[in-house]
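Below are the chains, spelled out letter by letter.
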Amino acid sequence: MSGPATIFDKPKDYIGKSIPRSDAARLLRGQGRYVDDMQLPRMVNAVFLRSPYAHAKINSIDVSKATQATGVIAVYTGKDIARHVEPYIGVLSHLPGLRSPAQYPLAVDVARWQGEPVAVIVCTSRALGEDALELINISYEQLPAVTDTLDALSSESPLIHNQYDSNLAWKREVEAGNLEEAFAKDDVIIVEKQIKFGRHTGVTLETRATVCDYIPGDDELIMYYAGQAPHMLQFILAKHLDMLEENVRVVAHDVGGSFGIKVHTYGDEIATAIIAKLLRRPVKFTADRLESFVTDIHARDHVVDAKIGVRKDGSIVGMGFNDFTGIGPFSMYPRTSAIECNQILNLTGAPYQFEHYHAVGNVVFQNKTLMCQYRAVGHPIAMAISDCMLEEAARVIGMDPVQIRRKNLIPDDAYPTKSATGMRFDDLSHHACLDKLLTIMDYDALLADQAKNRDNGIYRGIGFVSLVEVTNPSPMFYGIGGAPIASQDGATVRLDAAGALHVSSSVTEQGQGTNAILQQIAADVFGVAIERVKVTTGDTKTVPYGGGTWASRGAGIGGEAMLLASHALKEQVLDVAAVILQAKPEELDIAHGEVVMKDTGEQKISLGDLAKIVYYRGNELPNDLQPELIATRHYRVTDFPFVFTNGAMAAHVEVDTNTGFIKILHFWAVEDCGRVINPQLVDDQIRGGVVQGIGGALYEECVYDKDGQMQNATMADYLVPMASEMPEITVAHVETYTKTSILGAKGAGEAGTGGAPAALMNAVNNALAPLDCGMWQMPMTPERVLRALGKIG
Amino acid sequence: MTKTSQIVVTVNGEKYVEDVPVRMNLADFLRTKLGLTGTHVGCEHGVCGACTLFLDGVTARSCLTLAVQADGAEITTIEGFETDKNASDLIKNFHNRNALQCGYCTPGMLATSIEYIEQGNPADREKVKEHISGNYCRCTGYQAIVDAICTTIEERQG
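Chains as they are written, first to last, in this note's numbering: chain A, 1 to 793; chain B, 1 to 158.
Chain A on its own, in the form it takes in the complex:
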């Protein structure tokens, strides 16, 4: 057999090894190419004036003084920009009932959140542009701000959009079995809690940035951007700026972190493209940190009324909840702001076997920054609802949290199977992950330590989570709903005349190591030294068409396309070699840049020599042989809506009952992401993800006052996890390959962020259990801990 299915019959040189990323060498020497590093001839800067109010009518804008200021080239109001763009609407057809009005890049008549752009100055320097901003005179009429998610739904609430009868954007209900009837039975113990999840945001260290250039002779718009999905943005720019798609080029070089923040359509970036077209010159916009805090999408912001019913033996009868989530004044385009809620409805309880489920999701408009998909979309909420309620139920019936999981987790031999909500699962390993977790953390020793310390008034807690993670999305995720978001990805592999491999892919790199794993796969499957593989990603002009990097799809989908393309090129090269060597293709193989005899390993011809015959001395080949030495393959997930990854995690914390501070003593994560292509990269993805989860659980919150003013929009006031508070994180793996691909890889990027918050809340509640109180609000700040302890009012 020689098909790609046999690729893993032999040991691999690179796949499965912790090879350092080759592109890190550049970044370590200050040679990154981030957007703000770019200087183009005649480049000018776009500087935005933003609404200081959360909700205000714009009566008039006087830009006459600003236009005269030093360095100012042009000034545009929201109305000016609106003339050059088709507005966008953040709805998808597979989320029936979702409503959101047409949105323009800049506010036109009404500003609906603090930070919404209302005017833009184009200036020779950012500093001069900021001077000129002060000369724009706007007459605002402040309108009542709608800030609280629950109040927003009351009939008394002011409306954010007058054409709607309420501030509700979307509502969905999911029902399986009959929860109400099941919970009415005598043997069911019901636990109810309200769980609150604060608003936080991505805080990518590189802020959003774009340089847009327009070349009139070609009618070509080039957008360099710090983003994740170049082809999606190409479509959006073409559609809304009324251009031919082929005349729009989107390029993402090095990106300083993204985490979902940089996969959306932002008005200031679209306006920058419009201005480049109008002025026919390059225009740069780089958000400053204040702009990032009030315009980058925010995440979470949920109030959930949850209940779980269990029997005395710990078996789950059912789960139910009502989720209210605030999304700001619009649903974000084009992915919508309803996906997180939808994920919560789909994923809650997914690791467990139970019959009855009743979940309601309410997506609500408010006058705050837009909320949309951020790393681990919906996962931290879904995992906290099921696992924190489960551990609470375990406490009520006096059962160990591990035992109650063992009782309810879907057995590892039950796949393929479906959840109560209809999610289809295959190749999962909840029990194996839990077993491994208990081994690496030494649970029994921690329990002994906990008991000993409690006697001394030290409150330590151990908390778990069993999680699923949505990765490798198929067209069922966005494409089916009409979004211009490719679910398939492509890879092209080309042999050059020197015997080196040039590969390109439509998945993108933001630091997670996409380029590195593509390089590993191509080198291994084709048979060259990894140093001879050059990777190109992030440019719509040169890479195959595809979705980019989001929802942990880079390795699983982009990697499989690269495997298929590399294998196809290998077969092509062996066909040529067979002619040159007068052998049969199946007798030959490629190893370390040489065509070799498969059985003896004897070197027959180097790839460079073979390529030179093809490219330079084609006369030596038969006339009917015209080798291309290039192959492209595309891949999409076909049998499932997405490929689920699973894992188990545990946190060990100490709660200082005098100060309310929570110290994380250690964190453990066991992940089953299928085949691990580069263990070091995967482990650090998980660690980084866990730390983002810790951020949301303990520190990070966008604090708003009742007028919709964000109170902590600086990095001095908004707390992010820093090194001194972070625990050591032990990572281990179970590898159950997904059968949906040859590579067998599932995503790993969401797990830490999706799972850590529930594990931490469980650990804190485990610590506080002897004090008869609990924490049900994230972030679990010292103040909230002291409040829960009754030490402050």
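Don't take every hint at face value.
Unchecked claim - Label pairs and their calculated CB-CB ranges:
| no. | chain 1 | residue 1 | chain 2 | residue 2 | range |
| --- | --- | --- | --- | --- | --- |
| 1 | A | Glu-141 | B | Gly-57 | 53 to 61 angstroms |
| 2 | A | Val-396 | B | Leu-64 | 52 to 60 angstroms |
| 3 | B | Glu-18 | A | Ser-64 | 33 to 41 angstroms |
| 4 | A | Lys-12 | B | Leu-64 | 22 to 30 angstroms |
| 5 | A | Arg-83 | B | Leu-64 | 36 to 44 angstroms |
| 6 | B | Glu-155 | A | Thr-6 | 40 to 48 angstroms |
| 7 | B | Ser-133 | A | Glu-602 | 33 to 41 angstroms |
| 8 | A | Ala-769 | B | Arg-23 | 52 to 60 angstroms |
In case anyone wonders, no lab produced these hints; they're calculated from the structure.
All C-beta atoms in this analysis are idealised placements derived from N, C-alpha and C, irrespective of residue type, glycine included.
Given chain A, put chain B in place with the hints provided.
Below, chain B alone, put in the same frame as chain A:
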């Protein structure tokens, strides 16, 4: 507001004489006037640490330093760490241990790490964490960075 002043600085061993707006910060000066874009700006208020570099041998936040304040100074940026700070072993260990992902915090993280090592501090994980706790990294979770710094110290101690 556009008043300028002439400054003389030595950056990574190379001398520059430049007219700069008096309100321009050192990070913007290096990035836009000298094209040394390895120094990154993350917050512009001295909190994230990305812009950290060496100013006359001491770490400084270049977003909180005006370019005119650097007149006469010797500056070492990430572009010079390998040669002027003899940090090739630290850079190698950052690379091998994957102590960076997006690379945006890396200039400041390296500067702070070099300072810790140069001061003769031990390969003590808690002390390293404390020392780098003024440098924000959103990607790694910090563990790999602490590993790389400790490995470098241990290797230097033989």
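To see whether the hints hold, each was checked on the structure:
no., hint, verdict
1, A:Glu-141 to B:Gly-57: 53 to 61 angstroms, "holds (56 angstroms)"
2, A:Val-396 to B:Leu-64: 52 to 60 angstroms, "holds (53 angstroms)"
3, B:Glu-18 to A:Ser-64: 33 to 41 angstroms, "holds (35 angstroms)"
4, A:Lys-12 to B:Leu-64: 22 to 30 angstroms, "violated (49 angstroms)"
5, A:Arg-83 to B:Leu-64: 36 to 44 angstroms, "holds (41 angstroms)"
6, B:Glu-155 to A:Thr-6: 40 to 48 angstroms, "holds (42 angstroms)"
7, B:Ser-133 to A:Glu-602: 33 to 41 angstroms, "violated (58 angstroms)"
8, A:Ala-769 to B:Arg-23: 52 to 60 angstroms, "holds (56 angstroms)"
Hints 4, 7 from the earlier list are contradicted by this structure; the remaining hints agree with it.
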